[in-house]
Amino acid sequence: MPPVDPTPASPPTYWRSLEERADSPEFREMVEREFPGEVWESLPPATRRGFLKVMGASLALAGLAGCRWPKEEIVSFSRPAGYTPGVPLRYATSIDRSGVGRGLLVVSYDGRPIKVEGNPKHPGSLGAADAIDQASILDLYDPDRSRYPISREAGTRRAQSWEDFERFVSGRLATARTRRGAGLAILTEATSSPSVADLRRRLAESAPEARWFEYEPLTQDNERIGASIAFGKPMRPLYHLKEAAIIVCLDADPLGADPSAIPHARDFAEGRRSADQGSMSRLHVIESGFSITGSMADNRHAILSREIPAVAAQIALGILGAEASSLALAAGPEPRRFVAAIVEELLAHRGRSLILAGPGQPPEVHALVHRLNEALGNFGHTVELALAPDPERPTHRDAILSLAAAIDAGAIETLVILGGNPAYDAPADLDFAGLLPKVPVSIHLSLHENETSKLTTWHLPRAHDLEAWGDTRASDGTIGVAQPLIEPLYGGRSPIEILSILVDSRPLDGHAIVRRTHGIDGDDSEAAWRRILHEGVMSGTAFPLEMAAMRPAEILARFASLGPPAGDPGGLELVFRRDAKVHDGRFANNGWLQEMPDPLTKITWDNAAILAPSTARELGLQADDRVRLSYNGREVDAAVYVLPGHAAGSVTLNLGYGRTAAGRVGNDAGFDFYRLRGSEALHFASGLSIRKIGGKHAFACTQNHHTIDAIGLRGMERRLGELFREADLAEYKAHPEFAKHRIHDPGSHQLYPPHDYSEGPQWGMAIDLNSCTGCGACVVACVAENNVPVVGRDQIRRGREMHWLRIDRYFRGGEEAPQIAHQPVACVQCENAPCEQVCPVSATVHTREGLNAMAYNRCVGTRYCSNNCPYKVRRFNWFNFHKETSETEKMGMNPEVTVRGRGVMEKCTYCVQRIEAVKIVSKNEGRRIRDGEITPACAQTCPTQAIVFGDLSDPESRVSKLHGHARAYGLLEEINTRPRTQYLAKVRNPIPGAGSPIPADGLEEHHG
Amino acid sequence: MSTKPIERPFDAEDPGYRAPLILGGNTFATVTEKVCGIVEKPKPPRAWYIAFAVSLSLTMVLFAMIAYLFFRGVGVWGLQVPVGWAFDITNFVFWVGIGHAGTLISAILFLFRQKWRTSINRFAEAMTIFAVICAGIFPAIHVGRVWFAWFLFPLPNQNLIWPNFRSPLLWDVFAVSTYMLVSTMFWFMGMIPDLATLRDRATGRIRQVIYGILALGWRGSNRQWHRYEVAYLLLAALATPLVLSVHSVVSFDFAVSQVPGWHTTIFPPYFVAGAIFSGFAMVMTLMIPSRQFFGLKEIITMRHLENMAKIILATGSMVGLAYATEFFIAWYSGNPYEMFTFLNRAMGPYAWAYWIMVSCNVLVPQLFWLKRARTSIPILMIISILVNVGMWFERYVIIVTSLSRDYLPSAWGYFKPTAVDLLTFAGSFGLFFTLFLLFVRFLPMVAMAEVKTVMRQEGPEPWQQKGPGDYRGDIPQLHDAKVIERETK
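Order-wise, the sequence lines are chains A and B.
In this text, residue positions in the first sequence follow the numbering used here: the first is 1, and each later residue adds one.
In this text, residue positions in the second sequence follow the numbering used here: the first is 10001, and each later residue adds one.
Bound-form chain A, shown alone:
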């Protein structure tokens, strides 16, 4: 964006009515609130009364909304240099999630950000963005966001203006300052922002008695403490999965839940692709639940999380030998059989192996893992260390405990909560929601008026990260700058602006704060600043790497004294996990994320008590049963999801659901497992009991999850070998073209003459199943790029999800130790397309470039094409799914893509709008389209670059080469659809001689 004028909205130049000109307080309030009355807050979906209310509100809006956009600050009428209306511009920015900066490029159309992509220059992104990053666009335009400061007094909720708040707070601050800040406390969510750190320092100077707390429900603190045990200070490990030939994950999910999942996945994929050169990494995963990393494992063992420390000890015994003899007790009497093989592998790959421990594992395990990596000579090769920022910070757990204690003691008079939602996600034993009203003045800044806001005396609307100036630090410390892409839609402010009110005598705006923090506020700094904004990152700001001295004795001593996990060891184990969609719950009101199927369970709009088939049988439970979970005197009702490959005796509970004040999307989705989570065990504990309470919960899954009938299961298993082709590394080496021989091709005869493909580029795609982790980033990318509607839970239950791209997930092998197959499937653009032949009105036709095009205007919606599509990738608009899209959300739509109305079929187009845009440019420049110049949204954002798109008529293009690759095959090519998307078969790398858990392919079934 041509840097947005950072000054807050100037007084309106134009006036809308005489009242406004008179600037009466009533009118001010109405304008601030934009939607007068309580309509939006209390709107239930589709009731008669609700409908009438909305009709009424719409009439009221008709008068107001017209004046709202565009504002002169956003789209200048005097066109800035280099700016053409209608031509999208990309701006680098970064946002912070749970204390880790994420580098983004945001596509903006005429001042409206519409799409989030990764910033290739950012080390945490490398050009890719995960599902949540991309969905932040929808958060920005969320109509449920709060629109004005709200004060609550004795149960009455009143709309206020920012001026009201500033007046109120200045009085309050004056008193606080006189007492050197005593009684003032600030609670932030985890943040990496240097500006926040700077403001905190300034606050400490001006109000030394003020207290600062940082709380985050999902935290990497165990890793920090583990490093402190090992090195005496909290070092942050940085992993290089590319270099590792042997990777051992102990409850770790480096490819999924980890904040650095994108660079990890990129590295990991390289280690897998090298199968083509004859060697590839081997991934061992030992975990309780099924993680994305676990789904990629060559050798996975599902055991209880609480038994993983023992496995770590056993590995340590194997590697360190006598030195680790003190761990014998922790290792248990009988080592697990698989440990010996892992130890052997690790010892054989010194310097080229890597052990990782998960954030849920106790600090002692992390410390031991550091010791093991050191003993294996991995430091400097597969793992490096950097000093973590803010080394003095107490753990998030301790912070929230001491805050709770301080509130209870009455020591806090003014509590400023910047982001976060402690009333919802603080440990259950603190009863934070009960404590909060004890604070005389509590101020909560957040995007939504959420659970916490409702208990505070002041709620302030927060500017979305895409609306505000800011800064972040990536995992490796690289500073990223955040610039606003749009004027705050709802007049929100950023945390640093609120802090500035507390700290600075004359509050600064975000722009000034960030420049001050980084010392780029001099007169001659403009060019440097512009360059930083352009790049999005400040190069050379990564944390310095250092190899701290290790304290082996300390590590072993601490580990040996590691106690048993909390809770009654007799019951089931419960494990709390981050959710791949809503993270810790803060994204619960995001329809794109709610509707993204979970990578493993394929559940949308819900979480579940996930357990193993054997555990379900033992407990007499079946899939979808409603149950009551009891642990440590706390109870939550939930529903059961039975997941093959889950550890027996363990129950995985994804956090972040069951919100009550998330907004219209997030409320009543799923179950709130925070209510089971106490400060005694934030990650896993024992002693869970499950009782059936009768009834079934109707999960909205995009893929069959029931224990499928015997016929279906057999049919599925038989064909899986053809649909998802894979081989062991040994087989691949012996038969490089194995994928081509997985089916018997009966020959191809075609009724109608084939299309003429002799002219122009011929588009094609290749998807490498060897790299795809099933993370789902491509799904959300496609939704954002192609204006795919959110249809809601009920429609998904009916099988009506609209995603053009889905990731098929199959289990192979037994239910105890299945292997997972992730297969992204979108329209494969058949050259001999079954859909085209049957459409009675020629609404789906072939282009000369090989695209199977949909003419929406011509479609009458017979659905015959979908019936005849063997891939079932066509999606039908059963209703007018965009009917309820709010005015704000409409701003986030891609203007290059038609919004489909009711009764029309749609499907993947290979992002034809991107193709056309590049074609126009190349034609104007009189040149051929360069390879890689066109990237569909899915390919653009894939963290592992598993999707490659290009011109098949160019033999030198990447996609042509991949189509010619030994592992390439066409899905269902035997029915002569001649797909333009080819898959590259997966290669697994099991321990030689261990035997594959999968029986040989059902090849003999259909040969000959």
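Watch out, some of these pointers could steer you wrong.
Said to hold, decoys possible - Derived coverage of chain A by chain B (criterion: at least 3 residues anywhere in the stretch with Cβ under 8 Å from a Cβ of chain B; other residues may be distant):
{"id": "1", "region": "717–728"}
{"id": "2", "region": "806–814"}
{"id": "3", "region": "856–864"}
What the hints contain is simulated information worked out from the structure, not anything from laboratory work.
Even for Gly, the Cβ is constructed at its ideal location relative to N, Cα and C.
With chain A fixed as given, assemble chain B onto it according to the hints.
Structure of chain B alone, referenced to chain A:
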């Protein structure tokens, strides 16, 4: 030469002993009186009113459901991906299938000189037309954007956009509309002499005018009769291939696709046999109460019913053979997807529908091997209804089970109908019966003129027995008296 009467079995179809088609000593006058009387009576029987009230209410339900569908979108049905067609196309094929009996009876049996058809052909033709009307509704309303349904017709336009002539759905449009047109023409033309009779007998002015217009100036001259006979023959010849073609084309909707379970060359003959099967069953379902309520037992005799039962037995067995053949071919082809589809049909989640279909269509009609079953009104009624149930499920099984589990297991689904699905289907019966009840009330339900051609015009008294040497036209048989006796008991 002996003139002693010879005892013969009931179903002897011996040229020497041709059974009379009309019983009970009816003359031309009594036939006219009986058939016209139904229409001319000032008030129909009470049963008619009850039936009409019920079916009209159901018709209202149908239109209400359609209005709701148009207002909200196709999503009000239980459809999804992968099952993009379910009740809509099932109902369409079901009704089109039923619409086959009429033309078969009128045209093919006419060409084959099956004179027994005359008593029932009007009836069956009317039923055909109403069934085709019901059928036509579903493809029209099943599209996502009804307001553009006219895109399906090859209308000349300045953009030179034509429908896709490769699509079987387009062939359907032509096949069904042609069939509708020809069968309506055939029905109406055959009715002209009878409409003239009604006109001539009409007492009120309104009836005179209306029947007069409908009779198209029929005077019953020899020349008119001659033209009439020729035209009737020509139309019969024209309609005959349609009987075979319509359902063949409907079956192409499936056979031309690549969905396992649809992509089968057996479909055209299999569908035609099934259509005749269901059509005859529906004729029987309607005829049994009608002849009961309107006193037409002597015109529509037990022999008619028995003949139809035989056709039902024959076509039902053909359908059974087709089911078996599908399984055999699926196995024989070696195509794993095909094999799976059929196993899944019989043993998968839709096994219940499959076994309803097999029992109703294949097993139950086997009872018709027994003469007692063929001549028992309750059994005929029950079986004919069961056959209709079975044939609806046949289409449901073909369409829904095949779609619900095709190639990629990730995209498998399970279709569950909504209330709108069920009510729309029920409403289509309402429309069908409403039209039918109006027909029996206002139009001659038996082709009087044709029936008279198969009646004895001269000769001995009907009860007089003759030996083989005394054959002269129609010879009544003892057993007929017995049957009448049994039936009137």
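How the hints compare with the structure:
For the region 717–728 of chain A, the assignment as covered by chain B holds, since 4 residues bring a beta-carbon within under 8 Å of that chain's beta-carbons and 3 suffice. Beta-carbon proximity to chain B at under 8 Å applies to 4 residues in the region 806–814 of chain A; the threshold of 3 is reached and the given coverage holds. For the region 856–864 of chain A, the stated coverage by chain B is satisfied: 7 residues place a CB nearer than 8 Å to a CB of that chain, which reaches the threshold of 3.
Violated hints: none; the structure is consistent with every hint.
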